[in-house]
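*Asks:* Just need the whole structure built from these sequences, with the hints factored in.
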Amino acid sequence: MDDSHRVLIETQFRDLSEFYPDLRLEENQGEWVLKGILDFSACYENTKIQDSFQIEISISAEYSRELPAAKETGGRIPLDPDFHINPDGSFCLGAPVDIKRKFAQEPTLLGFINNLVIPFLFSFSYRERNGAMPYGELSHGGQGLVEYYLKYFDITSELSVLRLIGILATDKYRGHHDCPCGSGKRIRKCHGNKVLELKALQSTREFLSEYLAVLLHLRKTKKALSNELINQQALTLIKKEQRALRAQVSGK
Amino acid sequence: MATDIRKQYNEVLEKITAEIDISPAKYKTAVERYTAVGNWLNCGEYEGCDEEPRIYPQGSFRLGTVVRPIRNGKESDYDIDLVCELQKEKEISAPGDIKRDIGDRLQENKVYERMLDKEGRRCWTLNYAEEDGIGFHLDVLPSIPEDREMVRHLQQAGVNQLLSAQAISITHRNGNGSYNWSAGNPGGFADWFDLRKKPVFNKVAASQKSYIFENRQDIFESVDAVPDQLVSTPLQKAIQILKRHRDVRFAGKPQEANKPISMIITTLSAQFYENEEDILSALNNIVEKIYAHAGLMEPGYHLESALAARRIISLTTEGKWYMPNPVNPYENFADRWHENNHERAKAFFQWVAWARRDFLEILAKNDIQKITESLAGSLGERAVASASSKLSLSTPALFAPAYKKGSTVEITNPSKPWTCHG
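Protein sequence lines, in the order shown, are assigned to chains A and B. When we follow my numbering, the leftmost residue of the first sequence carries the number 1, and every step to the right adds one. When we follow my numbering, the leftmost residue of the second sequence carries the number 253, and every step to the right adds one.
A couple of the hints might just be wrong.
List of simulated lysine-lysine pairs, DSSO-like, C-alpha gap at most 30 Å [to be verified]:
1. A:K100 with B:K278
2. B:K326 with A:K151
3. B:K280 with A:K199
4. B:K278 with A:K199
5. A:K194 with B:K450
6. A:K199 with B:K267
7. A:K189 with B:K326
8. B:K280 with A:K172
Chain A is nowhere near these chain B residues, computed Cβ spacing over 10 Å in every case [what the hints assert, rightly or not]:
9. Y279
10. E297
11. V363
12. L447
13. E540
14. E662
15. P669
Hints in this document: simulated from the structure, not taken from any laboratory. Don't be surprised by glycine CBs; every beta carbon is placed ideally from N, CA and C.
*Replies:* Structural data, given as structure tokens:
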């Protein structure tokens, strides 16, 4: 691992320790871990909560292109998707583009903790005390993504979400095409800006897997999805990926 | 300590300028677009012309002072200006014909025909949409060389021969559909501008080209192959900062229509620039000198004699403003400043007062964090945030949150938790 990366992490850690002195930084072969007690006091719309969690944050060699992953190691949060915990124990902080956007606003370890980890823990703590989620939650899987994108694009049609994500999944944005939301306007005069904002946040491949999740969810809930609605190109790309994956697995 | 803060402030300004400049990739695309249009125009047949037309960029693309445009707070399309000078004698030309000949040639190309906008007063505009959503408006300016007598007048008025020789006649369409000639000299102005930046350009070109070559070896074969256009001087950067400041400060305000035009900002900056070698010193000097003229709005004000003698901005006895084009004293940039009770003059001096407050007075804060936060308000949040995140690690963390240990995190706009499975 090169020096400038180490310096970056150490500098950001120094800033972090000023506010959270009970976290320590450890290195193991190019990957870093922040461990310890996160003691915080946070306020959301007139509700203030003070709490403390034992956490572990892993920082890969690809940081800050890749975001860190956070988990709770004190046994307080059940290892359950209903509590928004992934099978590996890490917090599922939100929809992927949402997390990336938030991190981009303050792309430091301190930013990650204050803008993503603490709100997540606040939410859990609040739920423990009051039985409800303070700022709501997304449903699991594809349905949650649909909920997020309906709000982001400010539309009501789930099929339009599928089409819009389809553009991002196949990298086929064309400003002069009609907007998939059905407004009749060209996309560059309609949802174009929102699509381009998303495009800057993650790769085509990442959108491709989101597209698949959305597609699978819609298949479950809609009686039939006519072929023309399903982005053929995306499906071809997905099939290609599956074949490659299968070859990889059987080859080993 | 004082020099430390100036050094940090300069670093911040350098980084911000890089954010508001056109990206190298976008610049390359722009050059490709206007070169293609130029090639098309070049191959046309024009009545009465024996030679090929002279086609060259003007304005910010030629001077190296491009600023990312923002309209209504969002990134907007770039403006590229291309001069198309047909080599025809003025005595045998009519402005309407020249305008039409270029328009016709553009329309002969099916692709350009579709992109062509409605005829403008002086230009033909091609609208380019681009994949990333930020397009170009390419303004093609039909023109012919100025007649010899006029060129002689210019020389007699004190304009250097090499500059006055490039003077052109531009076509202007009136409200009633008739056409006149109008005077211009974008080529001469660009050469004059190059002279103003030359001493510092010569000093920094070698090291900048080296740096560019080292970082983009995939594009350039040798240091010498790096074009002069990619070298930027403090004069150019100061102009970019001032133009962006103008955009941000006037956005959405009632006086927006009267905001200072880029030509004025560029010309005054180049005229007052005194070979400063860093952006901050250049800005300081330029803004203070322009600001010294603000007093002209008050009766009985005496402008310092050295400045007054240069007659860069002056008020005539009839109460009109005079700001001559350095390559054409007959062209007055401030010819409409007195209208509506000096509306434009007021907007201009208001702008320079803001520039003085936003760039120079903030040094008194003596805290690089506070200075940077302040710049976000005058140059745009996104550009400044992006710039500060790229700063060298020797600079303390900027935009550090205002809370300290023991204080409360304010949760705003939190993410809704999700899970990929289930």
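*Asks:* Decide, hint by hint, whether the structure agrees.
*Replies:* Results for each hint:
Restraint check for A:K100 and B:K278: satisfied, since their Cα atoms lie roughly 25 Å apart, inside the 30 Å limit. Taken as a hint, the B:K326 and A:K151 pair is honoured in the structure, with Cα atoms around 21 Å apart against an allowance of 30 Å. Annotation: proposed proximity of B:K280 to A:K199 holds, straight-line Cα distance about 22 Å (limit 30 Å). This hinted pair checks out: B:K278 and A:K199 have alpha carbons roughly 17 Å apart, not beyond 30 Å.
Taking the CA atoms of A:K194 and B:K450, the gap is near 44 Å; set against the 30 Å cutoff, the hint is violated. The suggested pairing of A:K199 with B:K267 holds, with an alpha-carbon distance near 24 Å, which does not exceed 30 Å. For the hint pairing A:K189 with B:K326, the CA-to-CA distance comes to about 13 Å; that is within 30 Å, so the pair holds. Straight-line distance between C-alpha atoms of B:K280 and A:K172 comes to about 22 Å, which keeps the hinted pair within the 30 Å bound.
With a cut of 10 Å on Cβ distances, B:Y279 stays outside the contact zone with chain A, its closest approach being about 19 Å. Taking the minimum C-beta to C-beta distance to chain A, about 32 Å, the non-interface status of B:E297 holds against the 10 Å cut. With 10 Å as the threshold on Cβ separation, the claim that B:V363 sits away from chain A holds: the shortest Cβ distance comes to roughly 14 Å. Once the 10 Å rule is applied to beta carbons, B:L447 is consistent with being away from chain A; the minimum gap is 41 Å.
Annotated as non-interface, B:E540 keeps its C-beta farther than 10 Å from every C-beta of chain A; the closest such distance is 36 Å. Residue placement check: B:E662 does not keep its beta carbon more than 10 Å from all beta carbons of chain A (closest about 6 Å). The Cβ of B:P669 sits about 4 Å from the closest Cβ of chain A, inside the 10 Å cut-off, so the non-interface label is violated.
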